[in-house]
Amino acid sequence: MQTSELMSALADGQLDGEDFAAALHASRHDDSAAACWDTYHLIGDALRSSHGVRGADPAFLSRLNQRLAQEASLGAGLQSAGPSQPLVQDLPAALPPHRSEAANDGEFRWKLVAGFASLAAVAAIAWNAAGLLAPAAAPQLAQAPAPQQVVVVASPQGPVVRDARFEELLAAHKQLGGTSALQEPSGFLRNATFETPLNAGR
Amino acid sequence: MNLKLLRLLALAGCTLPAMGHVAAQASPPAASVVESRSINDWLMRMHEASRKRSYIGTFVVSSGGAMSSAKIWHVCEGDQQMERVETLTGAPRSIFRHNDQVVTFMPDHKVVRSEKRESLGMFPQLLQSTDGRIADFYKVKQEGTERVAGVEADIVLLVPKDSMRFGYRVWTEQKKGLVVKLQTLDVDGKVLEQAAFSELQLDAPVKMDKLLQMMGKVDGYRVEKPLLVKTTASAEGWVLKAPVAGFKPMSCYKRPVTANPGPGDEPLQWIFSDGLASVSIFVEPFDRQRHERESSLSMGATQTITRQLDSYWVTVMGEVPMATLKLFANGLERKK
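Protein sequence lines, in the order shown, are assigned to chains A and B.
What the first sequence shows, in the numbering used here, is residues 1 to 202, in sequence order.
What the second sequence shows, in the numbering used here, is residues 1 to 336, in sequence order.
The following block holds chain A by itself, in its conformation from the complex:
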């Protein structure tokens, strides 16, 4: 069973015997499993809460993002993520505030938060498949933080900083380093067409 599925089942009280023991072991010793556990509990709290959702601690979220990104890169082997937008976004302030209880009161909140939950689950599973990451990770629920000049990208060696200088070097390599039989037309066109997603100030 995948770690994320295991944690989910553990949180729902669906495991027993060997599976339960394995899950407990994982939650204690595996960083990414612990992160999953935290996420699922946050989701669970949100679904059950009648006071609207407390925003998650941003420091927790950034650690979560880093760990989940590392898990992704370990699973994906050589391939790394493109510039990673945080895959777990802070829940939006737009969630409806607490209203007096009604029969279907929780429904709207459920849908919003369920959407978030399924996004997180899908993201967690999709990471192990290389190449699904960058386009799929655009969350619709929350706003990404304002774009910064510096992007931290997951790689097998851990987070790598792509700053303005890195982008300049990359551009210089594409422009001048293209001494290749395949340069014309496809090489030149490829370099002209494909702009690695973060383009700082060029």
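Be aware that one or more of the hints could be misleading.
Taking CB as the label site, the calculated pair distances span [claimed, not checked]:
| hint | chain 1 | residue 1 | chain 2 | residue 2 | range |
| --- | --- | --- | --- | --- | --- |
| 1 | A | 30 | B | 245 | 37 to 43 angstroms |
| 2 | B | 245 | A | 20 | 39 to 45 angstroms |
| 3 | B | 289 | A | 171 | 19 to 25 angstroms |
| 4 | A | 5 | B | 245 | 44 to 50 angstroms |
Sample of chain A residues lacking proximity to chain B, with all beta carbon distances greater than 12 angstroms (derived) [as the list claims (entries may be wrong)]:
| hint | residue |
| --- | --- |
| 5 | 5 |
| 6 | 9 |
| 7 | 11 |
| 8 | 13 |
| 9 | 16 |
| 10 | 18 |
| 11 | 29 |
| 12 | 63 |
| 13 | 66 |
| 14 | 67 |
What the simulated footprint calls covered on chain B by chain A, stretch by stretch (three residues with Cβ under 8 angstroms from a Cβ of chain A suffice, anywhere in the stretch; the number is not a length) [what the hints assert, rightly or not]:
| hint | segment |
| --- | --- |
| 15 | 170-184 |
| 16 | 247-255 |
| 17 | 324-332 |
It is worth saying that the hints were derived from the structure and are not from the lab.
Backbone N, C-alpha and C define an ideal beta-carbon position, used for all residues, glycine too.
Once you've looked at the hints, dock chain B against the given chain A.
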């Protein structure tokens, strides 16, 4: 079977099996000669096709999970070539190329960058001077035909002979050999990057003077002419202690940095190529604030390694396996 006959067969639009059959009939000692000419032939044909055909198309590049596309206009008149590229994704860019002069419009910054790209004119000399070099490190395999962007294309696999470089699968339009799709493959044959026309209108009526006019419209833009100083690694005090098989140094430049110009701050760029792939070694002074940790990164086909070398910071980038980059990174040293 001589070279001329092979060329005639290709131009006559003979089907692929016929060509393969002809090549296979060459006797073993001559096979390597036929083979090495074959790969150069294919490459020359690809190169020539772009100098002889005008077209309009939509080009799509997917690399490491991200995808970009652009609209392309290409026209040839005599020995002059022009290209216009309008990006359809990401930041809006209009790139005009007239032979080796490249002008890039950035409407979001109101800046236009004008530069001369030497490498663009280099190919035929590259093939002649290096002679059998590409054939020493790659072999060509024919893989059949496929329809791409509405045209029938021959598929050719450029297989590396060692594990130090990537392979390529090239689709060339059958009549003249224009490259319509290109895949970069890692050592396991997995596709790292793909660039292809999604639609293509061959022999489209593109007017060179119209494009030249557009290329010259710089009103309202700040014109940047990056200063590029050509030098040699040796003159700058650098040497690669052990050459990396197949890769020859092509050129070396000192490039002023646009973001934070400062004295002695320009990274040196030393470029190597094996004929199909290229590697750039960048050297700059070590800066404790910016250069925190050595790292490596994969972005589709492009790999990067950074490391500290005494009081310098070295960044190596190339469309080659990480292990090959490591050879470059570890082989660089100051001249004694």
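Right, here's what the structure says about each hint:
no.	hint	in the structure
1	A:30 - B:245: 37 to 43 angstroms	holds (42 angstroms)
2	B:245 - A:20: 39 to 45 angstroms	violated (55 angstroms)
3	B:289 - A:171: 19 to 25 angstroms	holds (22 angstroms)
4	A:5 - B:245: 44 to 50 angstroms	holds (46 angstroms)
5	5	holds (23 angstroms)
6	9	holds (29 angstroms)
7	11	holds (30 angstroms)
8	13	holds (36 angstroms)
9	16	holds (39 angstroms)
10	18	holds (35 angstroms)
11	29	holds (26 angstroms)
12	63	holds (19 angstroms)
13	66	holds (15 angstroms)
14	67	holds (18 angstroms)
15	170-184	holds (count 4)
16	247-255	holds (count 4)
17	324-332	violated (count 0)
Of the numbered hints given earlier, the model fails hints 2 and 17; all others are met.
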